[in-house]
Amino acid sequence: MGTFRPHWQPQGPDSRCIYHGQQLGWENCTPTSSAMLVERATLGKQRPTGCAVRQGVEPDDYIGGTTINQCAQSLSAHWGVHLETHVGSGVVRTSYAARQIRAGRPALIQGNAAAMLDSDFQSTAGAVNHCVFVNEVQGGTLDEPASALVYDPAADGHKPGYDQGPSWWPWWMVKRFGAALQPNYPASKAVLGSGWFYCAFGPDTEPHVILRPGAVKSKPFPDRTRAKYTGVVIHSSPSGPATGKLAEGQLFTAYQYFTHPTTKRVWLGDQDNRQWVLAMRLNHVGGTT
Amino acid sequence: MIDPNAPYPATDEEKAEVEEAKLREQARAEMAPPEVNPEAANWPDDVKDGNTQEG
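Which chain is which? The protein sequence lines are A and B, in order.
Residue numbers for the first sequence, in the working numbering: 1 to 289.
Residue numbers for the second sequence, in the working numbering: 1 to 55.
Same shape as in the complex, but just chain A (with noise of 0.2 Å):
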């Protein structure tokens, strides 16, 4: 079971916002990467463009672009996602980050478009401050990953040359782009430096469950079982009406246990507490399948 993945979206062209008669597309990156943490934190029920998100911010604000605080309240205002926000003196460790992110939660990631000019990630005309996506992260370590799943809302393809996105980043590359942010740009092109992020977070949504009242989580999170034969029955709650079967041999992915105070038996349940099967019914309990 993977993590959900939303839908890449492109800030441009210019036209692709125009808010209080202002062209905006090109100068919109952190609203559409948090339209994208939107639909990736609500699971795809939820999906706004990335000018919505700018149109969103309180007071209005439609010169040149915007910060992560701005994104960060306008997602709470207006979709009910809220972040943790880490800018000015609260920049946090690229290895918080990467544990963050691998926890199941996705990110914002400020930093500088000059680390990836003349790279497979190439995706602006030049060195400016941009803000990307990261989805999740896979392989290496905790404090190192592998490689990022970015969504860099530039990456259209637009030009030859420039990256399509999403794509994977070597986590290097990663690190790179948010150590090239300028933080007090225009006054100085002082960069950030190696090692820290101006960065937020989404909330963990992978993978999830939805407890019923008196179940545990899983042991092992979550729990491959399999049918013990063709004809087990799946019920919508413990000792509840039947709703299917599973074949023998079939898979079913428990979430939660749950004891049932009368019978004593043992129900093993799904993500989402709509799907239970008694775990008697069932090979593999508590280990791999």
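Rather than coming from a laboratory, the hints here were simulated on the basis of the structure.
Accuracy of the hints is not assured; some may be wrong.
To be verified - Heads up, incomplete: computed chain A residues facing chain B, CB under 10 Å, no partners named:
(1) TRP8
(2) GLY88
(3) ALA98
(4) ALA103
(5) ALA127
(6) PRO145
(7) SER147
(8) PRO160
(9) TYR185
(10) PHE221
Yeah, the Cβ is synthetic: ideal placement off N, Cα and C, and Gly gets one too.
Dock chain B against chain A, hints included.
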């Protein structure tokens, strides 16, 4: 039809999935609060993104 006696993980994809699940649980279990960067005291909160057609 899935062979109920087939080993799991069997495929490279399944093995990678299992490893990622282990790392995810480890990341959750070993989460530490963020460090403070003393050099960041005067860095601005309000860093704006630029125009991607310029530079």
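Verification of the supplied hints:
A least Cβ separation of about 15 Å between TRP8 of chain A and chain B goes past the 10 Å threshold, and the interface hint is therefore violated. At a threshold of 10 Å, the smallest CB-CB gap from GLY88 of chain A to chain B is about 4 Å, leaving the interface hint in force. Nearest Cβ of chain B to the Cβ of ALA98 of chain A: about 8 Å, under the 10 Å cut. The hint holds. Taken as an interface hint, ALA103 of chain A checks out: its beta carbon lies about 4 Å from the nearest beta carbon of chain B, inside 10 Å.
Taken as an interface hint, ALA127 of chain A checks out: its beta carbon lies about 5 Å from the nearest beta carbon of chain B, inside 10 Å. Hint status for PRO145 of chain A: holds, given a least beta-carbon distance of 9 Å to chain B, under 10 Å. At a threshold of 10 Å, the smallest CB-CB gap from SER147 of chain A to chain B is about 12 Å, leaving the interface hint violated. The interface hint given for PRO160 of chain A is broken, as the beta carbon of that residue sits about 15 Å from the closest beta carbon of chain B, more than 10 Å.
Checking TYR185 of chain A against chain B: minimum C-beta separation of about 8 Å stays under 10 Å; hint holds. Among the interface hints, the one on PHE221 of chain A holds; its C-beta lies about 7 Å from the nearest C-beta in chain B, closer than the 10 Å criterion.
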